[in-house]
Every structure is written in C-alpha cells, then in structure tokens.
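**Q** Here is what each chain is made of, one letter per residue.
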Amino acid sequence: MTASAPLPTTIEVSSSDAPRRRSTMRRLLRIPTAVLCIAFLLFIVFFGLSAPWLAPVGPNVADVNAINAQPFGAHILGTDQNGRDILSRLMWGTQETLLACVIILVVSVVIGVTSGLIAGYYRGKFESVSDFFSDVIIAMPGVVLLIALYTLTGPNIPIAMAVFGVIVSPSFFRLVRGIVVGVRGELYVDAAKVVGLSDLRIVSRHVLWAVRGPVIISCAFILAAGIGIEAGIDFLGLGNPTQPSWGTVLQQSFNNIYNNPVSVVWPALLISLTVLALVLLGNVLTDVLAASTRIKAPSRSRLRSIRARYSDTEPTGGEAPLPPGQDVRLAIRGLRIAYPNASGVTEVVHGVDLDVRKGEIHGLVGESGSGKSQIAFSTLGILPREAVILGGHVVLDGEDLLADDAAMRAARGRRIAYVPQEPMSNLDPSFTIGSQLMRGLRSVKRMPRHEAKAHLLALLTRVGIADAERVFRSYPHEISGGMAQRVLICGAVAADPDVIIADEPTTALDVTVQAEALELLRGLRDERGLAMILVTHNLGVVADICDTVSVMKDGRIVEHQDVDTLFQNPREEYTQQLLASSRSVEIEEAA
Amino acid sequence: MSTPILRVEDLVVRFGGRSGGKDVIDHVSFDIFPGETLSLVGESGSGKTTIGRAILGLAPVTGGTITFRNQTISNIPRSARRKIARDIQVVFQDPYSSLNPAMTVEDILVEPIAAAGASGGRQRVRQLLDAVGLPSDAGTRYAREFSGGQRQRIAIARALALEPSVIICDEPTSALDVTTQATVLMLLKDIQERTGVAYLFISHDLGVVHEMSDRIAVLLRGQIIEIGTAHDVTTAPRHAYTRRLQMAAPIADPVRQRERRERRLAALSAGEA
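Taken in order, these protein sequences are the chains called A and B.
The first sequence begins at 1 in the working numbering and counts up one residue at a time.
The second sequence begins at 1 in the working numbering and counts up one residue at a time.
Since the hints were derived computationally from the structure, they do not count as laboratory data.
In the DSSO-like style, the derived pairs of lysine-lysine whose C-alpha atoms are separated by at most 27 Å in a straight line are:
#	chain 1	residue 1	chain 2	residue 2
1	A	K445	A	K358
2	B	K22	A	K125
3	A	K193	B	K22
4	A	K125	A	K193
5	A	K553	A	K358
6	B	K83	A	K193
7	A	K193	B	K189
Residues of chain B clear of chain A, computed beta-carbon distances all greater than 10 Å:
#	residue
8	S2
9	T3
10	D10
11	V12
12	H27
13	P34
14	H239
Per label pair, the in silico range of CB-to-CB distance:
#	chain 1	residue 1	chain 2	residue 2	range
15	A	G481	B	Q127	40 to 50 Å
16	A	G228	B	S119	47 to 57 Å
17	B	T229	A	G344	55 to 65 Å
18	A	L273	B	S174	52 to 62 Å
19	B	S174	A	H350	28 to 38 Å
20	A	V279	B	S119	42 to 52 Å
21	B	S136	A	G523	48 to 58 Å
22	A	N341	B	A80	46 to 56 Å
Just so it is clear, CB atoms sit at the ideal spot from N, CA and C, and this is done for glycine as well.
Pulled out of the complex, with its shape left as it was, chain B reads as follows:
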C-alpha cells in the first residue's frame, strides 16, 4: 500500500457544454492502492457513476487528471486508451443491457482476449467460467438465457478476462435479489483475495459498502464530503449528510429499526428547530 495504482486529482466533469454547463463532478480527488476496495457512496445525481465512467474514458474529463501507475489516462486518444484496457475493467449495474443478447457467452468472453491480441481464448473461457462459478458448458448458450445473477457473473468473468489490476464495480448488485446479491458480493471478495485486484466499488447502499470496502468516500452533489476507513465512515460518520444517509437506510430488524427511526426523526426535528 505504498504507491497508489490509480490516482484521481482535482477531477472536474462538466456536461452541457460552453456556458450553460453544469459541473457534475466538482474537484474530486482520491487514490486507490493495489488490492484495496475503495467505495463511492451517494444518492442518485451525486456523480458516483460519472466518476467511474470518467476513469473508464466514457465520460469527458473537463479538468484535473487521472493517472494510472503514474501515467496520465485522462483525455488520451482512443488508440492509447485501448492499451490500458487490460488494466482497468468494469462491471456495470445492469446485467441485462451490459451483455449483447445476440452473442453466446463464449463470444462475449473471447472478445476482450481477442481484442488484446492474445491467443488461446477458448481455453481461457473455461477457466473464467469456473472462476465465477458457472458451469463450463455455459459458454455455448446465449447471455439472454441466464438469470440476473448469472448474467452478472458473466459480466464479472468478462472483466476478469484480461487480468486487470483495477475493476470498477458500478452498483454491481443493486439490480439483484438479496440472496443473489450476497453470493455475488462473496464472489467479488473471493476474486480479490485470489488475484489482488483493486475495486472502485460504486453503490448507494451503505450496508453493502461497509461489508465490501477498505475505505469509503461519500459523495454529495459531485463533491467528496467525507473519506475514511470503512469502519469509521459507517459507524462514526463525521458529516451530517453521511449520518442522514446512514439513518435513512432501514435495518432488517423491527426493534432496532424502530430505534433508528426515532433517532432519525429526533435528529430531523432537532435540525429543523
């Protein structure tokens, strides 16, 4: 944990061009170290997904720099970007639209390997399917034949295909059922232990984030308002917004939830007074 593998400095992303533009990301800086999980938490519109997309080169970087292993990767041409593809991969939120319904699982998984010019793609597919807990004969079937959780496993396998050092997980479990979510989260942790990959984990769910992360950054309107170790941020939030976020999430326990609700309402009325 000496030098960061990915460094985001003073990132600004503006949408809407020239004068009427809006800074969706407003001077955000953070580092990700090898093998760690940094989570970005925030509500819709906080810009958490946009940060991920900016790192992936899918959103325009208006200001600031993103460096990967001391090499600038923001605003570089597509051809240069493709060389970094090996190292920074993604698992999107929606496992339905992130896999081409007309392609077989094998074609989906071979694609990145072929794009990188590596050979032996077909054998690798079996290993990948095995790594994400899918049967090895799944390759011949179409992505649309699988359930949400299974599709997300395919998406994870695709992200793993090039053995990246950073994976951006953009709400990878929020479209899934709770029991499926649990298994997918376990799979992600398991993969991290095996491969030492670093995750930028984007989520709106503090409960999920607490369990997954080493460190957590809380986003509000395009700015990081609090960053710290997972334990500190979730159990002793310093910022009032984090506290609000925390208390608004209902606990799956009626007794404790009643307490939390009362505390939340008390805090709200105290805040209003």
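Just chain A, same shape as in the assembly:
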C-alpha cells in the first residue's frame, strides 16, 4: 500500500500548551528561604563595603577608656581587651572575608571549570593528565597544606586563599567534566559540528549552558567552605594580626573569653549565619533546578476534591455494571483518566469501553498522546503517581480491579501480565536473567526452587531460546534485544495468566525480530487461550496479529471493528487517514 492521501503540509502550532517560561531566578524568589538567604548575603556584602563610611571608627582605633565594654552601650557590640570597637572591626573584617571569597571562587572556577570543559569535550590525553592532578590534589590534606604554606609566606591570607582555591578546584573539575561528557554525546552538539561551528562556539553556546546551573549551586557550597576555612586559619593565628577579619576577631575574643564572654558571640554568629545562608541557598537552588523533573503525586485532599469536581461516578464502591460475559476475560467500562494541572485537570482518557475475550488479541491503535498506553497502565494499576482515575471500571472475570486495590495486587502478575516496550530497560543489568525470572515467578506462585527453574527453562525453550541454560545464567547485556523481549514474554506467561497487556512489544525490535516475536505471541495465544491487549501504532502489526481493533484518538475510541472490516471498510475519516499513511511494498513475482 503506497497510497498517499492528500495530507496537509502545513500544520498549525498551538500556543496554549506552551509551558510558561519562568526564569530560575524568578522561581527562586518565590521561595521564602531563598529570599531570606539572598537578603542576608546582600546585607553582608553591604555591611562590609560600607565600612569606610558607616563603621563607627577605624578597625584598629583603641579606646583606652572602654576596655571590654559591654554591648548596647556607647559601643553597639562592645569592645575587646584593647578597647577596639567590635562592630567596626567586624565591618572592616567583612571586607577581608569578601576578598577571600572572591579569590577562592575566581581561582577554583577558572581552574576547575576550564580544565573540566577541555577534558570533557576533547577527552584523550588532557583528560587523563588532569584527572591525575585532580586526584593528587584531592588526596592532599588541605588545612595542613595551608599551615605548611604559612612557613613560606608568613601571614598572607590572599595567597592562602588562592591555594585553597586550587585545592577545591577538583570539585568543579569533576562536576563539569561529568556534565560535558554527557552533553558532548547529544545530537545537537553533533548538529552544531556539521553546521560548521568552531569548537569554541560550540562550547560557549551549547556546552556552557548545560554546566551553568550546577556550577552556580556548587559555588554556594564552596563559598560556605571557604568562609569556614578562612575563619579557621585566622583562628589558628595564621592570619594577619594587623588586619581584622571574622577569624581574627573571633580568635581575639576567644582569648579574652573570661573577661568578656559576650564578645565571642558576634563573630561566631556572623560566621555561622553566613555559612548557613550559603548552604541553604545552595540547597534551594538544587531543588529549584531539579523541580521541573520531579513528579508530585496529588495529595489525598486534592485527589478527593478533584474527584468530587470532575468525576461522574466514584471509581471505588458500587458493583461493576456488567455481568461477565461468557468468555469476556477483561472488560473496561467508562474509564476516565486525568492529570491535575495548575487550573484543574487535563483529561487524557474520556470514558473508554473495551472487551477482550478468551483467545482474542485486541489491538489498541493510535498515535502518541492518544491515551492508549494510559489504558494499558490502568488495567495493571501502574499509572504514574500523579494520574487520577476519574471514573470507570476494569473488570477481570467479574471483579472490579479499580475499586479494590487488593484485588488489583492479587491479579497483577498472576492473572494479568505485562509485556513492556523496551526490553532492555525492563531487565535489571545487575542480576542474571535466571534470578530475575525466578524472583518474578516465585513472588506470585509458591513453588520450590528446582521446580520453578525447570518450569522456566522449559518456557525459555518454548519462547524460542535455543540454549536456555546459558541464557538463564546470562546477564541482560550479554543477550540481544530480540532475545531480551523473548525473556520478558517468558516472564509474563510464567505464572500462567489469563490476560496479557503488551505495550508496543515490538516497536524497539528490528523487522525480522519483530516478525518472530509476533509469531511467538500468536503461538502462545493459541496454546493457552490468552486474551491480549496489544497497544501499538504500527498498523502492519495490527493486520498481522490482531482479531479486533480499537482506534484511539484524543482519549476516545473512535472506531471499533474486527480486523478485516476495519482495513477493508474503515468508517471513520481518521482511520482512513491512518491507513493511507502507512507504507509498505510487495514483492511482485509470483510466490
């Protein structure tokens, strides 16, 4: 069939479904913690930078009349043992700390990010060498190194901080290299190469963008560590005593703790709060950047209100509306599935009815987004967590599975089995095929090990695996995709189910392997009288194996026919369009 019906070449682009573009910053500012942290950090910067104008006195101005003055008098935060104003010293000291922060960040980001970008993008020798250096640096004890440095340079905080920057740069290096190695494999980077972009432009336009977020998060944590280290070095007395910093103020207050205990509080508070603000901000940033990928199940109360508002019938309670027919194995009635969104719900399945009889293979055809997989998932109770079933029944041999979670659990794997689309990602790479099949079978059927193994080996042979013993001992990466799908089919029929839900079982396979897999499913159906729902978008597969077909569009079944009628006499325009779009070609010579 090579017909090409007049299909529209221009397609309309709806603008309503476009996700709202919200910058990370805007999202960040909606979180109170983040606002508080940012405000506090901005205050610290202001606190330090305004010292020349707003500090009551200079950092080393001593008032001999006010030694160890208590706070909230003439000196807001009191004075130290030399009569120096603590507030002023902290303000001037903040400048020193800010400088240290800037040095740490600039040094570590420049070294770490640059080398990470180069190593990740070009790999090869540079990666091995820089990897070695980063390992060496990580292995060195940082604080000890800084103390050793003191003997060479004397009290020189900028140099110490630059060295600290080098010491932490491997954390940026590893982070960036890891991300870049991933991005490098993306097709859009290949496309940029083909289009003729220079490496520099590819890195600056495509790679740097992916690295940006994680690096910013990491900066917050590095700064927190840097402030701690800087204060620590000063506290150990390795800082410059003539220039105040948070650490030196803390150290001097600490030495004087018996005469003026309160004075320790201020520098300690400043250091702790700043570190806290940085760490919290880093955490919030991580959450914000990860939020888009995280899926949240609606809360119980939300679920109840959604159901109350949108559903016509409660899915729980009430008897199934249909008496089980003579040979109807699985019946779906009035199934409605929705996903909550900002303004209410988006209904993706609008009341679907479907019956599968014993020995029948029922094709569920539609394009992506038509809701066919949603139906398959709901019959197994494996819908995504945020999905809401608004109404309807899934009746297996007279029992409504949607109404009763326990019944669903009892049926799943025993009476209804599942054959997934991606054979490889449905096998755990760290266990052998045998142990996975055994675990599946023995969790639904009580039987001794040797009996289960014999049963599975016989079934593996049945699904066309020649050397069943060897495959049983193999790991998933040691077998081909076609073989993996046979293994999964074997796993599905192992517990002797009545119904099989196969979700695009051959889409990931080559045509020759697909033909074999279909032959296998047909054979199993004939032997065991299985009822099967086969979800697919491939009309060739439908023509090959299905007895009846339901065509889905936008969450509704638009046409339901037996397979011959559907292909010869499609009623709906949409079905005709689907049929016209499928392509195949015949060998012309006589058979």
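Position chain B relative to chain A; hints supplied.
**A** Positioned in the frame of chain A, the structure of chain B alone reads:
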C-alpha cells in the same frame, strides 16, 4: 546524472582501536548523483548510521576515501571540514536531542548562517520556516515547545539553511507517528523538487524507502549486499536477506499480510530443510 556529487570508495570504519577493533563498516562503496535519493537500508547494527556519520566527519574513517565534488573529505582537519559544512548537512533521527532545548528556534536557525559568515540571517529564518511549513512567528519560541513532527521540521529547516547539495537523513521519520511521518516525507520530497538537493536516506523501513528513493543499497553487517533501483530492490530482491527483510515487514492489510506471513514461514521452513 553524469558525475557523482558524493563518492564513497572502499570505506572502512573500525571502532575499538588497535588489536581488538571491529570493522563496523567493511569496504563499502557507492556514489550519490546530484538531485537523487540513495537509501541505505538495514537493521540495527548493520552500520547504516555509521556510514552517514563518517561522511559527516563524526565517525573515524579507518580506510578508503570519501570525495565530495572530486575533493577528498575523509580525514581532513576540522577547519577544512567547516568549509564543506555548507554543502553536506544532516537531519538526525531523534528530533528531541538534536535541537538544543535552551535555544529559540530563531537562534537554532541563525547559527549555521552565522557560522558561515553570511549576513541577513534573521530574514532568512522566515523563509526557512515558511519552506518547512511552520508559522513565521515560531522563531521566537523554544524548540522544546514543539511536538516531534514540528521539531523535525525545525531540524530540516536548519539543514536547509546553508542551501546544501547533499542532506543525510538519518531515520528522519522513525520517531514520528504515521500521519506525521507521511507529511514529513512529503515535505522532504517537495524540498528536493524545489532545490535539487541529493539525499542519503538512512532507514530500516523498506516501505518508506521504496517511496522516497531512486536507488536503494541494502546493508548487512557493514557490507552492501545489494544495490539497485528502488523498484528492483523492493519488488524483485536478488539477495536472500533483502527478501527476508521484505517479507518480515507486516503489511497494513490483514488479507495480504496473511499471505505474506504464510509465504515467509514457508520460505523459512524451506530454508531450514
């Protein structure tokens, strides 16, 4: 159709280095003539994608040569390669990962034009969007806001931006729904009629390939086992593997599919006997 525009001679691609290497492409030769569509058909692992990537300079060429307009383009430095960028472009299989999700459609389309040092990129974007049947205001939106078929149109527009003479289409429709696939295939044919571009069309689907191509090459384990006109290869395959491939693809017609299946099973049991 006198001189080939792209010539692949004795191409060998080996992955895995020194001793334990494996020849993924094993001495493959073919020509593409201006304005024609040559298809490479094969199953996964046959090396069809690797050939495309070797021509694009994305896979290492271990042996043999690739020439474009009589100029060798295999194993040349990246800077020289960039000059050829204008002429050989690509549409990848996966429209999701081939477009940077953080860039607007306009930025994506301007990129090749800017890289080639041409001016007037922004006006060209409108023409390109028009050429692939997208509304002209699509440029301001992000690629991630579009559906699979629309994204593939954007990818095609990007490939067209430099007015190339060869486009490598690496399974451009296999990630799409059938009705979308039909419109994208029509668009590709339409573009070929308008611009005279040659396609190297890579696919696993004989039905699609039959409709798109002038000639078809069938690949098996890195070798071309059969090459000929589209009609000959699909309707009267000479090689047993092509025949197997052909008969394994189900027809969207239950009656004819039943016949095909019986013929296939008969052929299989005859082969085993």
